[in-house]
Every structure is written in C-alpha cells, then in structure tokens.
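*Asks:* Chain residues, written in single-letter form:
Number of protein chains: 2
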Amino acid sequence: MKRTALLTLLSISTFTTAVFAQQDSMMLDKIYHESFYQGQAYDNLHYLTKQIGHRIAGSPAADKAVAWSKSLMEKLDFDKVYLQDVKLPYWDRGPKEKAYIVGSKEPLNILALGGSVATPSKGITAEVIEVQLLSDLKKFGDQVRGKIVFVNKPWDESIVETGVAYGLNSSQRSRGPAEAAKLGAVAYLFRSLSSSTTDDYPHTGGTGYVKGIDSIPAMAISATSAIKLSEALKTNPHTKVYLEQHSAWKGMVQTHNVIAEWKGAEFPDKIITIGGHIDSWDVGEGAHDNGTGTMGTLDAIRTLMALGYKPKHTIRLVFYMNEENGVHGASTYGQVAKNKREQIVAAIESDAGGFAPRGFDIKASAERVVWMQQHWKPLFEQKFWVSRFLQGSPGVDSGVWGQHFPNTVMFNFRPDPHRYFDLHHTAKDVFEAVDKRELQSGVAAIASLLYLVDQQIEQL
Amino acid sequence: MKRTALLTLLSISTFTTAVFAQQDSMMLDKIYHESFYQGQAYDNLHYLTKQIGHRIAGSPAADKAVAWSKSLMEKLDFDKVYLQDVKLPYWDRGPKEKAYIVGSKEPLNILALGGSVATPSKGITAEVIEVQLLSDLKKFGDQVRGKIVFVNKPWDESIVETGVAYGLNSSQRSRGPAEAAKLGAVAYLFRSLSSSTTDDYPHTGGTGYVKGIDSIPAMAISATSAIKLSEALKTNPHTKVYLEQHSAWKGMVQTHNVIAEWKGAEFPDKIITIGGHIDSWDVGEGAHDNGTGTMGTLDAIRTLMALGYKPKHTIRLVFYMNEENGVHGASTYGQVAKNKREQIVAAIESDAGGFAPRGFDIKASAERVVWMQQHWKPLFEQKFWVSRFLQGSPGVDSGVWGQHFPNTVMFNFRPDPHRYFDLHHTAKDVFEAVDKRELQSGVAAIASLLYLVDQQIEQL
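Going down the list, the protein sequences come from chains A and B. Per full-length UniProt numbering, the very first residue in the first sequence carries number 1; after that it's consecutive. Per full-length UniProt numbering, the very first residue in the second sequence carries number 1; after that it's consecutive.
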C-alpha cells in the first residue's frame, strides 16, 4: 500500500474513532443529566428501606421485596418480567441476643451469625479463651474444651481498599466456629469485621459448620465490646461471659429471583446481565447492602429507556435472592442459563454500596481491559470522576453463576470504599447513610457502562 | 553507540527507575500506615470545630484559632514557628437575620452575605422582582426601583464536578448586589449556591459593591425558601417580603497567618509551601471549609516527621487568614515572599473539603503533568484509590500569592466533590460531617505527594 493511501486510511480511521467517541460523549452527557434530574433510585430506595426494611432470604419481607420489585419493573418498558423459582433454607435470628460479662453484668453487643445454631434457651455461661488469630487456638489444646472462644483480631486500618482488609479477617467468620468446635469450645465469639474501631455495632454475616463436628453457637461482637471484654480478661483471666441467642434453620422455602428482559434489536439471543441481590441481612435496612445495587441497576436501565435508547443485545435485569447466606439465587440463575445454553456476553453487578462511583473491576483478559482503559476511561475520567477500570474479580453473584460462563466479560461496580465496612451488615446500614447525588452519580456511571458494553462489546 | 551498550544503558536506567519506584512505594505504605494508625487530623479537627468553632477573619474566635494553631505547630519538630501580621477589615453579621413573606408571616431562611451592609434597623418591606438570571434584570428597567431583587437560578445538578456548577452561578453572589443597586433595588436576595435542592439551609459567602453605586443589603436564601417565595409570587405578583439584618464592617484589625518551617537539608533556600486557610465563615463550624485543610496539611507534615523523614527542601506550612472574605492573608504572604525574593519551588493547598481523596489539580506545564502521571500516579492509583493528576487551577490562596510566583508548580488537593456544596458556607458544615477514614486517607495522600515533590521536583 502506498504511504499516502495508508495515511489516508489511518486518518479516516482516527477520524471515525473520534466521531464515535464524540457520539459516546454526548450520550454520556444525556445519561448523567437524566440520572441527576429524573433519577428514581433514591426514592425507590426510600420505599425499599422504609416500607419493606431488612429482608433476609426466606422471610416475609424478602417476599414483599420480590413482589414490589416485580411491580417496579412492570412499570417500565421491559419485554418480559418474571420470577424465577429459588428454593433455599430459611434461617431466622429469633428474639434479640443477650450477652454480658458475668458479675459486672456489663453488657456486650453481639449478633448471631447467619447459619448459627442457638444457645440452650437459658444461655451459656463459660470462661473465655481470647486469641488474636484462629491459628493461635491450637496451642491451647485441651484448655479450649468447655470454654467460649473469642477471636479478637483488629481490622487492618492501613488498607484503603477496605474489601481487602475484610478478606484478611473473613476466615474468622467463615471457619472460626468449626475450628473452635473441633477443640471442644461451647460457643464462638469474634470481633466484628468492621473498619470502625470505635463503635458498638456488631456486624453479622454468614458462617458454616463442618460435617461430623458439633455445631456451636457463633456470634460477632462489636469493636468496643471486644475491647471491653479483652480488658476484663486482662484483669481476670477467669472472667465468665453469658451468651444467649435463639437463631435456627426453619426448613426449606420457595423464594424467587426477579428478572426483567429488554429485547435486543440486533443480537436478541446475546444477553447482557445486570443487577444485584435483593435480599439483605436482618438488621438495619439493607440500604447500601444492597438496596443501592438493585435500585441503582434498575434506574440505570430506566435512564436508557427514558432517553429512547434501543439496545442491540438483550439486557436482562436480575435481582438475585440470597446472596447473603447461601447464594441460592445466583446458583439457580446459573443452572437455568446453562441448561438453556444461553449466550451471556457480559455481566454488570452492583453490590459494593451506593457511595461515590469510582469505576469497575473487570473480569476479562488484560488486552480487553487495556482496550477499555483506552476507549472508555477517557469518556468518564475528567468530567465524571470515574477512573477505575482495572482487571479484577466479579461480584459474588456473578462469580457464582459465572462458573458456567467462563468467557463472559464481567464488571463489578466499585463505589468509594472508605465508609462501606463501617456499616456493612449492621443496624447502621440505613437509608440515611446514602447520599442522593452519590447514588445517582453511580446510576449514571452504570448506565453509561451498560450503553458502551451494548454498543461495543463485539469490538473487544 | 553500539546497540548492546545502548540496551545495557537502557536496562540500567529502567532498573534504577524501578528501584526508586519500589522505594517510593514502600515509603507510601509507611505514610498510609502512620496516617491511619497515628493520625491526629481528626482529633485536632474536633478541637478546632467544637472548642473554637466558626472563626471569621477578625473575630476573637479567629484569633483563638491562630494562637491554638501556633501551639500545635510548636509541639512538632519545626525549626521555626511564627505569626505573620495581616491587616484586614472585620465584617460582623450581628444578630440573626429575619425574613418572611408579609401577610402569611411565612418565614424565609436567609443569611447576609459577607461584606453586606445592614437593612435599616426596622427592616425593609418591599415587593419582589424575581428573575432566573442576573442579565434578565435589565429588561425590567425602572420597575426595579424600590423593589427587592430575587435571583432564583437553580443549581445545575447534572455536573459531577460541583465546583464547576458553583462557578456557573457564582456571579449571582459576587456581582448581583451591585447590578441590582444600579437599577434602584432596595435589597438583593438570591438562591443559595447549593447542590442540595431540597434543604432549608442558606449558604453565605462574600460579595462586593461598586464605587459610586449605593450599597444595598445582600442575602442568600435557602433552596426551599426560594421555591416557597417563587410559588407565592406566582400566586400574587405583589407579594411583599420583610427583610432585616444588622451586618456591618467594623474597621481594620490586626490578624495573622500562622507559619511553621521545617528546614531542608539539601536546598534550604528552596521552599515548598503547603497549607490552607484557617478562617471560616461565621456559621457552622468550618469543618470541611477549611478545618480539614489546615488540620490535614499539618498532620501530613507530622506524618513525615514521625517517620524520621529529613526533607531536602524547606517545607513551609502556612495557615492563611481570610480566604473567605478578602484573601488578605495570602496577599500579605505573597508580598512578603516577593520582597524577600524567595524561591518557592512548589505549593500544595487543601481547601476543597475532607471527603475521600481523589487526587490533585496541578498548575504546571502539560509536559510536567504528563511526567507526574507517568511516575507518580501509578504509586497511588490501584492501592490507594487516588488517581486524579490533571492540569488545573491552584487553590484560591496559592492563586493569589502565586501571581508573584508564576513558575511555582502548584497542587490543589481534590477530594470527592459530590457532597461538598451541600454544606459549603452553611450551618451544616460541622465536625460530624467529616469521616475519619476519609480525612486520614487524604492526609496520607497529601503527605505522599509532599514526599514525592520534595524528592523529585528537580527532575520535573
């Protein structure tokens, strides 16, 4: 090819790229305008948190959230809205837990972990073995028998990405009760997975037991109560603690994922899944976890619909049931999609709170991520303050169903991480902790990404 | 040069760069650890906001803030701590403003603007001319005479960078009173520069008059009160409003900038200025504006000192007086530095709140900014979630004294912009609106930048 011809072609190509970038940029302006001026995520979140409230999978409130979510979707221009059956075991906390230091009657703030068994109805009174690490437990050997194990490992405050700090301590919650039971402990207490080191809110979350080993009651204790207990143990190593909780598995129940489809004009059989989990823990109001993720992704689609957008691919909104304690909704979703041999080309999940949007972690090849950094990031960075387009892990629900879809490009929405683990799984996770501008800015970022994925996923 | 030799040189150079980057990365880890675990910005901010409170330049509280700041600096290992005399006119709000719709006695929430003259002591009662834009005023011509001008331009909610939205409306505050007075208005009211469109907090701020034109009382009205007044005017265009406020200039007073110097080992005569303004408006507690900026920059230096760092350049911390209504502190600082022919190689300012850190706007050549994007941004982006290194404007104080120092590289700290203008210049700007992790994360970002500037500014 002659040099001139090559240059001409190159400049046509550069020109075309520039024109497309210009069109995309104009579309993003419209999306942000629509989201900030007409956004409904904040008002919908208000209804979800205040009228329905917390909604653990299997509870009547979760059913109410499902029915209401379906009615919300039916008001929009989806081609199809339906419920997908999900069977799961229902765990119920029962009456409020009680805990105190025997003698002083100094109360300790605790929450049973999801999946925990109850104490005897008259509670447990026992001495306490305190360790910093689960692995320190072994050296106490037979002394553990009959005692309450108390794992008091503080949060690593130096880590800006609080999700990483959470991961460092999460085995305390997931494996702790089984490890303690193995050594004959009568109950398991551990310092909450909390980035706040100065408040008295315990953080709940799921745990599990191991077959063949006794199940013992398992509870999280607030940071300040953990400090209080640790001080008492320093003064008197024979300090006893009273623990009482009444949680139980209530058997299998029928619940649902809520699904809505917006048919693609060009590739109707190629699906982009977007959504988050509709269940929450049974404390607080499930505002950041995950009211913002469900109301946000719904509003991202509403935003595109309001702008008269026509998708190329079929966009499927999924509100997963039961991310918090079993992930049965995502498992079912994956099984059904696999059985139908669906083509799911991309997935967007929002389950990290409704704080100011920072970007997306992307499960895709390094080459694809670099392409997005080159083509998409400039559309967001300076103007919309969204700049994180890094290779990373998908959300929990996408990760579970994605096991059947290894080639699906997955986006995990990342809002600012500083404050999330202050309120995660606590009574503090309420509507008032969500800022409207931050939430609608996130809706706009997600809607913009959805638009770009729909337009350009074939070019990746 | 032979190809092999060149390659060897290149790889030595790449290797050296990598080693330095590794050292920098380790230093940043230490800085973040120190800031999150030993940081004092949050506790100092608590004292400043709760024990001293708001502190308009010239007030006794501002003097108290100066004396206390000096004592804070004296506790650290600075080589020199001193006050720099600043003369300025003191404006005082006087007793709380009153405003209501005549007849209904419906109260309106207003704040006098800094620099405003008072109403007559018995207030002003007059009809109202409402416009959206200042420029619309002219078409009312002689009808404006004797009336209250009410500029009711809403905030542009679609702009993520709220500072830009603020800039779009700021002439309402700065030029509005003079424009209205020119047409014979008896008072000036305008919708507060607020990103919150749903609250009843007026936002104060500075204004000015024009020589030869009467000065008329000038006030900001809250968003919801503006809406209420606008509705009343729709129902009855002859609606009258009562306004009463007692603000006044109280003459010249002697105040101070607070300055501390940490002598450089290698280039003692080359100065890096860092700081923010210590004064605030006379409502709220001046927490985000600018308690976080002063306590944050002080703590950034403390962080480096605690790590045993020895600066190459002289690091000069400046708490400027009077950024809010006159910028006399920065003017004085610039004049003195100019007279002394000082070499100020770089400046860092923090005056945009204490929200989650996003990065820095940089006043430097495009080439220098690109160099920082290549060398510094990778140290922050993935791990510390700080990624904004863009060419931009300096802060207000640096901008003022920087007129004498056109070659100084200037950094303007940029925290997340979503919530700042909800509380800017209002009673809502209190300690409780600051999150400890967000603040200390910003301190670490600023300390890291200060370290990099001190180490590498000669390489730029």
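One thing to keep in mind: the hints can contain errors.
Said to hold, decoys possible - Some chain B residues close to chain A (C-beta under 10 Å, calculated; not the full set):
#1 Gln40
#2 Leu137
#3 Phe140
#4 Ser195
#5 Gly359
Unchecked claim - Pairwise CB distance ranges, derived in the manner of DEER restraints:
#6 A:Glu231 / B:Val370: 29 to 39 Å
#7 B:Leu460 / A:Glu161: 28 to 38 Å
#8 A:Val164 / B:Gln459: 49 to 59 Å
#9 B:Gly308 / A:Pro95: 34 to 44 Å
#10 A:Leu390 / B:Asp43: 27 to 37 Å
#11 B:Phe140 / A:Tyr82: 27 to 37 Å
#12 A:Leu460 / B:Ser25: 48 to 58 Å
#13 A:Leu390 / B:Leu307: 50 to 60 Å
#14 A:Glu161 / B:Gln459: 56 to 66 Å
#15 B:Gln459 / A:Leu460: 36 to 46 Å
#16 A:Glu106 / B:Glu432: 26 to 36 Å
#17 B:Leu133 / A:Tyr82: 42 to 52 Å
#18 B:Gly251 / A:Glu161: 33 to 43 Å
Keep in mind the hints are simulated off the structure, nothing from the lab. All C-beta atoms in this analysis are idealised placements derived from N, C-alpha and C, irrespective of residue type, glycine included.
*Asks:* Would you mind marking each hint as holding or not holding in the structure?
*Replies:* Evaluation of the provided hints:
At its closest, the beta carbon of Gln40 of chain B sits 15 Å from a beta carbon of chain A; the interface hint therefore is violated under the 10 Å criterion. At its closest, the beta carbon of Leu137 of chain B sits 26 Å from a beta carbon of chain A; the interface hint therefore is violated under the 10 Å criterion. This hint is violated: Phe140 of chain B has a C-beta 29 Å from the nearest C-beta of chain A, more than the 10 Å allowed. Because the closest C-beta pair between Ser195 of chain B and chain A is about 6 Å apart, less than 10 Å, the hint holds.
This hint holds: Gly359 of chain B has a C-beta 9 Å from the nearest C-beta of chain A, less than the 10 Å allowed. Separation of Glu231 of chain A from Val370 of chain B is about 54 Å and departs from the stated range, judged on CB atoms against 29 to 39 Å. Checked against the hint of 28 to 38 Å, the pair Leu460 of chain B and Glu161 of chain A passes, with Cβ atoms roughly 29 Å apart. Under the hint 49 to 59 Å, the C-beta atoms of Val164 of chain A and Gln459 of chain B, about 32 Å apart, miss the expected range.
In this structure, Gly308 of chain B and Pro95 of chain A break the distance hint of 34 to 44 Å, their C-beta atoms being roughly 55 Å apart. Roughly 34 Å separates the CB atoms of Leu390 of chain A and Asp43 of chain B, a value that falls within the hinted 27 to 37 Å. With their beta carbons about 59 Å apart, Phe140 of chain B and Tyr82 of chain A fall outside the hinted range of 27 to 37 Å. Look at Leu460 of chain A against Ser25 of chain B: about 31 Å separates their beta carbons, and that is not inside 48 to 58 Å.
Separated by about 28 Å at the C-beta atoms, Leu390 of chain A and Leu307 of chain B break the suggested range of 50 to 60 Å. Between Glu161 of chain A and Gln459 of chain B the C-beta distance comes to about 29 Å, which lies outside the given range of 56 to 66 Å. Under the hint 36 to 46 Å, the C-beta atoms of Gln459 of chain B and Leu460 of chain A, about 38 Å apart, fit the expected range. Evaluation of the 26 to 36 Å hint for Glu106 of chain A and Glu432 of chain B yields a pass: the beta carbon distance comes to about 28 Å.
In this structure the supplied range 42 to 52 Å holds for Leu133 of chain B paired with Tyr82 of chain A, their Cβ-Cβ distance being about 50 Å. Our hint of 33 to 43 Å for Gly251 of chain B and Glu161 of chain A is violated, since their Cβ atoms are close to 53 Å apart.
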